[in-house]
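Residues per chain, in single letters:
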Amino acid sequence: MKRKLPLLIVMILGIGMTIQYFVPHPLSMNIYRIILDWMIIIGAFYLVLGIGGVLIINYHKIKRRKENWWLSIITIVSLFFVAFIGIFNGVRSETLFMKIFSNVQLPMQAAIFSLLAFYITSAAFRSFRAKTAESTVLLIVATIIMIGNIPLSKYVPGSSVFAEWILSVLNLAGQRGILLGVGLGMAATSIKIILGIERSYLGGGQ
Amino acid sequence: MNFWEKLSNLGKKWIYLMIAICVIVPLFFKFEFKMGKSPSTMGLYNKIESIAPDSFPFLMSYDYDPSTQGELSPMAIAILRHAFASHKRVMLMSLLPQGIGLAEGVTSRVAKEFNEYAIKEGKDTVVYGTDYVVLPFTPGASAVMLSIGESLKNTFVTDYYGNLTDTLECMKNVYNYNQIPVTISLAGSSVPKSWIIYAYTRYNEKIACGVTAVSAADFYPYLRTGQFVGMLTGLRGAAEYENLVRENYNVEGRDIAIIGMSPQSFAHLFIIFMIILGNISYFIVKKQKARSL
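Residue numbers (this note's numbering), protein chains in the order written: chain X, 1 to 206; chain G, 1001 to 1293.
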């Protein structure tokens, strides 16, 4: 029953919602709207699960005195502190909550992402070598796209047009093939899930 | 170890130092770049231009977090300036919890800056609730996109500040996608594709996007088919949009994307230079090794 019930729910909802898509009857539309409301309510539980996960992982780190366990204390205290001031002091632009977001989280996340510029340059210098015919093509294309994406491209005749052509013709052809394959794969997997053939999402191996 | 061998083994710290110089130094000098007008940028600009002033609002979703705000926030700022200057109403939302903080911060800053300019120039100022609205974060991304198609006010009962959306002038007579002329998704991920799947396919909503340069290649197929009416690509797309708004409306404000083009251009040129240098040293060292054998 523990496994059969979820499979039955998935099958009924899967087949039901597929039929619903093609039937614009008021009854069918009402069911669709109710399901949408459920989805949003269930979506709110992702946050609960996420917070729960963070708390459990960090609690165990502190309890077992794992490496850098004191960072877990900072994580938990920060989580409750920011949530507390957000709930009780509001989230408008001039509030402490938004000041923390704008002056702590925002620059920290942006700074970490910007480090990519350093890693990319170092990696490009060390690894982007024309060792084979394929890597040579990749290197030339990447160089053209990089030049085409900056205003200085006007000093390299045709680079901007060629970069645009690579993206909108060569890239498009490849992408479309991949997308069609992905689409067919998704449809096949969806049918397997609805019919109960694919059960890995239930967990527990088989 | 000769010069080329030393170059091949150049330490990371020197590369990091040089790229830092390439990014920081251009910020101290004013470089004038003539921005182009790519068809994808023009597509979005023209779509917003085609909306009747003070009519139904368009929707802009900040589907990004602070990590990609360097490329995407300038797009949001330029689009907001365009909307405010041309009297187009706008609803702001986000499918991410961090995105809504960015939406609120960016929008209130642009509105304040625009109002200062408007008062100085004797033009109409923008008013929250009438000209723009910030909607709250609602969990369940795909469900939210679908739910807007059924009932916008059921999806967002209140705005970000707790006002009932029913009471806001900007959202008067806006029930679902039928009244929203275009939805713009600014994202550093594949979220714009979800807008295509759920809002365009099911509700025939016009979709446009602003994406990071690194992910732009993934979205070209949708642009060519017309599923995206326009697309801003990375900082270049934002700079092109800023330039269009400045040319046509002359709104005062810091054009951060155009300023950002100088460090980006120098960084790109430096990376290309390093790739060429790396390859030259690789082939010379390889040749020298072959000779010595």
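Worth flagging that the hints you see were computed from the coordinates, not collected in a lab.
Note that the Cβ used here is the ideal one computed from N, Cα and C, for glycine as well.
Hints should not be assumed to be uniformly reliable.
[Unchecked claim] Covered stretches of chain G (in silico footprint by chain X; criterion: 3 or more residues with CB under 8 Å from a CB of chain X, positions within the stretch not fixed):
id: 1; stretch: 1032–1042
id: 2; stretch: 1131–1141
id: 3; stretch: 1217–1226
id: 4; stretch: 1269–1280
[Claimed, not checked] Computed footprint of chain G on chain X; a stretch qualifies when at least three of its residues, placed anywhere within it, have a C-beta under 8 Å from a C-beta of chain G:
id: 5; stretch: 44–53
id: 6; stretch: 78–85
id: 7; stretch: 90–101
id: 8; stretch: 114–126
id: 9; stretch: 161–171
[As the list claims (entries may be wrong)] When the alpha-carbon atoms are kept at most 30 Å apart in a straight line, the in silico DSS-like pairs for lysine-lysine are as follows:
id: 10; chain 1: X; residue 1: Lys154; chain 2: G; residue 2: Lys1037
id: 11; chain 1: X; residue 1: Lys131; chain 2: G; residue 2: Lys1206
id: 12; chain 1: G; residue 1: Lys1206; chain 2: G; residue 2: Lys1172
Against the structure, the hints:
Only when three residues or more bring their CB closer than 8 Å to a CB of chain X does the claim for the stretch 1032–1042 of chain G stand; here the count is 5, and the claim holds. Check on the stretch 1131–1141 of chain G: 4 of its residues sit with their Cβ under 8 Å from a Cβ of chain X, so the three-residue criterion for coverage holds. With 6 residues having a Cβ less than 8 Å from any Cβ of chain X, the stretch 1217–1226 of chain G passes the three-residue criterion, so the hint holds. Counting residues of the stretch 1269–1280 of chain G whose CB lies closer than 8 Å to any CB of chain X gives 9, so the stated coverage by that chain holds, three being the minimum.
Counting residues of the stretch 44–53 of chain X whose beta carbon lies closer than 8 Å to any beta carbon of chain G gives 3, which reaches the threshold of three, so the coverage claim holds. Only residues whose C-beta sits within less than 8 Å of a C-beta in chain G count toward coverage, and the stretch 78–85 of chain X has 0 of them, not enough to reach three; the restraint is violated. Check on the stretch 90–101 of chain X: 5 of its residues sit with their Cβ under 8 Å from a Cβ of chain G, so the three-residue criterion for coverage holds. Interface restraint, the stretch 114–126 of chain X with chain G: holds (9 residues with C-beta to C-beta distance below 8 Å; minimum three).
Coverage of the stretch 161–171 of chain X by chain G holds in this model, with 4 residues showing a Cβ closer than 8 Å to a Cβ of that chain against a need of three. The suggested pairing of lysine 154 of chain X with lysine 1037 of chain G holds, with an alpha-carbon distance near 13 Å, which does not exceed 30 Å. Restraint check for lysine 131 of chain X and lysine 1206 of chain G: not satisfied, since their Cα atoms lie roughly 45 Å apart, outside the 30 Å limit. Taken as a hint, the lysine 1206 of chain G and lysine 1172 of chain G pair is honoured in the structure, with Cα atoms around 20 Å apart against an allowance of 30 Å.
The structure does not agree with the numbered hints 6 and 11 stated previously, though it agrees with the rest.
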